[in-house]
Amino acid sequence: MKDVRAVSELVEPAKTTRRGFYAAAIYGLWGIMTAALGLPALMYLIVPPRLRRQSDWVDAGDISQLEEGNPVEMTFRRNRVDGWKVTSEKSTAWVVKLQNNRVVAYAPQCTHLGCAYHWDQEKDEFICPCHNSVFSMEGKVLEGPAPRPLDRFQSRIEGSQLMLGPLRQAEPAA
Amino acid sequence: MKNRLVALGDWIDSRTGLPSGIRNFLYEEIPASSGWHQVFGSVALFLFLVQAFTGALLAFNYAPTPGEAYNSLRYILTEVTGGRLMRGLHHWGASMMIVVVVLHMVQVFLYGAYKKPRETTWGVGVVLLLLTLAYGLTGYLLPWDNRAYWGTVVTTKIAATAPLAGPYLTRLLGGEGAIGVVTFARFFGLHVLMLPPLTTLLIGVHVFLVRKHGVAPAPGDELLPKKKFHPDQVFKDTVAVFAAFAVLFTMSLAVRVPLEQLADPTDTSYIPRPEWYFLFLFQMLKFFAGPLEVVGAVILPSLAVLALILVPFLDRGQMVKVTRRTVAASFVALAILGWTGLTAAAVISTPKEAAEVAVDYSAPTDWMQLSPEEMAGVAYFRQENCASCHAVGGEGGSNIGPDLALAAIRRDAAWLIKHFKSPSGMRPGTSMPPIQLNDAQLNALAAFLLKLNPDNATALRHAPEFAVQGALVYQRGACGDCHKLNRGGIELGPSLNGLAKRRSRSWVEEHFTDPPKYSRGSFMPAYHFSRKDLDNITSYLFAAPE
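Protein chains in written order, with the working numbering: chain A, 450 to 623; chain B, 511 to 1056.
The reader is advised that the hints may include incorrect statements.
Mimicking EDC-like on lysine to aspartate or glutamate, the simulated pairs with C-alpha atoms at most 20 Å apart in a straight line are [as the list claims (entries may be wrong)]:
#, chain 1, residue 1, chain 2, residue 2
1, B, Lys931, A, Asp508
2, A, Lys534, B, Glu894
3, B, Lys796, B, Glu785
4, B, Lys931, A, Asp531
5, A, Lys589, A, Glu522
6, A, Lys572, A, Glu607
7, A, Lys534, B, Glu785
8, B, Lys667, B, Asp523
9, B, Lys961, B, Asp949
10, B, Lys831, B, Glu894
11, B, Lys626, B, Asp731
12, B, Lys928, A, Glu587
13, B, Lys1042, B, Asp1024
14, B, Lys928, A, Glu538
15, B, Lys931, A, Glu522
16, B, Lys928, B, Asp876
17, B, Lys831, B, Asp731
18, B, Lys928, A, Glu574
19, B, Lys928, A, Glu517
20, A, Lys534, B, Glu578
21, B, Lys961, B, Glu894
22, A, Lys546, A, Asp573
Cβ-to-Cβ under 7 Å is the rule here; a few derived chain B residues that face chain A [unchecked claim]:
#, residue
23, His601
24, Trp602
25, Leu700
To be clear, the hints were calculated from the coordinates, so they are not data collected in a lab. Built from N, CA and C at the ideal position, the CB exists for glycine as well.
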């Protein structure tokens, strides 16, 4: 049996290598083309676009009336780069004056699943109604499923105006 | 392990029939004479798949409404990773598909492969050619730049001249009145929703018919032993597909597809030209004037298509060797000659983008009175597409925002600049997006708007592009810090009004590169502009009144 195959290979060695070459070339060329189209396509879809402009600092409002330990939800407009558009939209931030006169601005979404939380005047806590996450005035998670403290805006004070910059994600609690 | 794989293969085959179907397809018997001349069909199919793929990807970042379409395409080109490549592939792929489909037809024609029993295969092929052209026609509008807009104006007007069907065709294309949102939606719908499934269906029928009748043999070939499609012919097809792909990919990387300025229905200077493969039709139209126009625009092309479909019924002779088909060969030669001649004539007659700009003094020239800063404001006005929402002096705009010739005059520069930066801060509830320009640029825009009134609003439309671009170069080079032009700037150096009378164009151009060499004692710094900037600023300075 083995001998028979050897003989047939001896008779047509050129034909078998030719067939092998064809198959290799077919797979190789289609492979190259698939890669040349597929890789850029993948990058096109998942690499974030080059940002031509960063979101600016915005004036969130006057904080001269802000009382220590009494968080206020401030409303302001900010520009958001949204694909090919820049939209001016209404935004809010929870602003608190802490004990050492530091002013902190929290993003208005719970760090769990993004629900809007509110300040409970009686308990002195931020409470998220969705899954009962509770945060302290300093933004720390007191109860519930929230994985990390409240996210803060970068902020600075110019005169009596509070200026807000980009959002900074808080580190998850250890 | 191997046994398991075989078992898995058998299982899949028994449940789906897919592997044996593919095998059946690959090991189709083809005539002994098959070879390199029969690769074009596969290449055309491959290019169609590339178009479908890149088209779908483009749609992921594209907003199909006028204005938005332009902005989103600009976003694809300038910000999305690989966006320029995707658009390049789609653009050049379209051209390439036309070339390959025509080559495929010429091959079939020359070899007489349309003859009995393959008349329907040929007929479906002709319809596929028409569909390919329809993609070109409808896709042309989708960037919504000036080229797209004006090209489509002409297309819909031609469709309107069709006898009897004209008005209905126009309504179908949404081209009644002016090109607008309806036209755009119709073209988009045709291009991405209607044509692709239709093409897929017809390609299926086409391939089915090829399988049913078998690949056409050469005469005298019928009795020779057949060979298999795989691997010999598959290899040849693959090499051809790869060559086409290599050319397409290189072109997409190397040749930039331009995006012109946003479609401007008030632009009276734009000269529309169709895509290169339609140039012969465009040129032919020039031979038919007045009432005969319909002959060149509709009747002749329709007859040509009809003749193409009827070819197998007109030529019913026995199949003969390609070398003996002198009539067919001379017919193809004539067609190539005619096409090349008409296309060449069209290319030659296309006015070059003039480097030496002739200023049209017969048109309103109020733009010449604008200071360089105001003129640069015109540039930002156009760049930011203000006219897509605002009318100016009752012209253009969709009246989303107020007429700027009436509104801006009641404000001061400080208010305008604050408003540009944060529209809703100054006018709560406005839908105007903030303008992302730096302070100097916003100053220029405000300066121009303050100058606007219903009487001089036309300056905006008449200011030629070279002057607007020239003013931008003027601003960037801070020329106004030392020169006066149209009352703007400080007069340390000579006033630039009337420069055209004092100096030659070449003197001015060379002077930029080495001022002290040409004007003794000059402390003007040297400027090394790009060729285009140099043309624009020189033309701009030369157009200034004395």
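Evaluation of the provided hints:
no.	hint	verdict
1	Lys931/B / Asp508/A	holds, 13 Å
2	Lys534/A / Glu894/B	holds, 12 Å
3	Lys796/B / Glu785/B	holds, 17 Å
4	Lys931/B / Asp531/A	holds, 17 Å
5	Lys589/A / Glu522/A	holds, 18 Å
6	Lys572/A / Glu607/A	violated, 32 Å
7	Lys534/A / Glu785/B	violated, 30 Å
8	Lys667/B / Asp523/B	violated, 55 Å
9	Lys961/B / Asp949/B	holds, 18 Å
10	Lys831/B / Glu894/B	violated, 62 Å
11	Lys626/B / Asp731/B	holds, 16 Å
12	Lys928/B / Glu587/A	violated, 36 Å
13	Lys1042/B / Asp1024/B	holds, 18 Å
14	Lys928/B / Glu538/A	holds, 17 Å
15	Lys931/B / Glu522/A	violated, 25 Å
16	Lys928/B / Asp876/B	violated, 28 Å
17	Lys831/B / Asp731/B	holds, 10 Å
18	Lys928/B / Glu574/A	violated, 39 Å
19	Lys928/B / Glu517/A	violated, 33 Å
20	Lys534/A / Glu578/B	holds, 9 Å
21	Lys961/B / Glu894/B	holds, 18 Å
22	Lys546/A / Asp573/A	holds, 13 Å
23	His601	violated, 15 Å
24	Trp602	violated, 14 Å
25	Leu700	violated, 24 Å
In this structure, the hints that do not hold are numbers 6, 7, 8, 10, 12, 15, 16, 18, 19, 23, 24, 25, in rising order.
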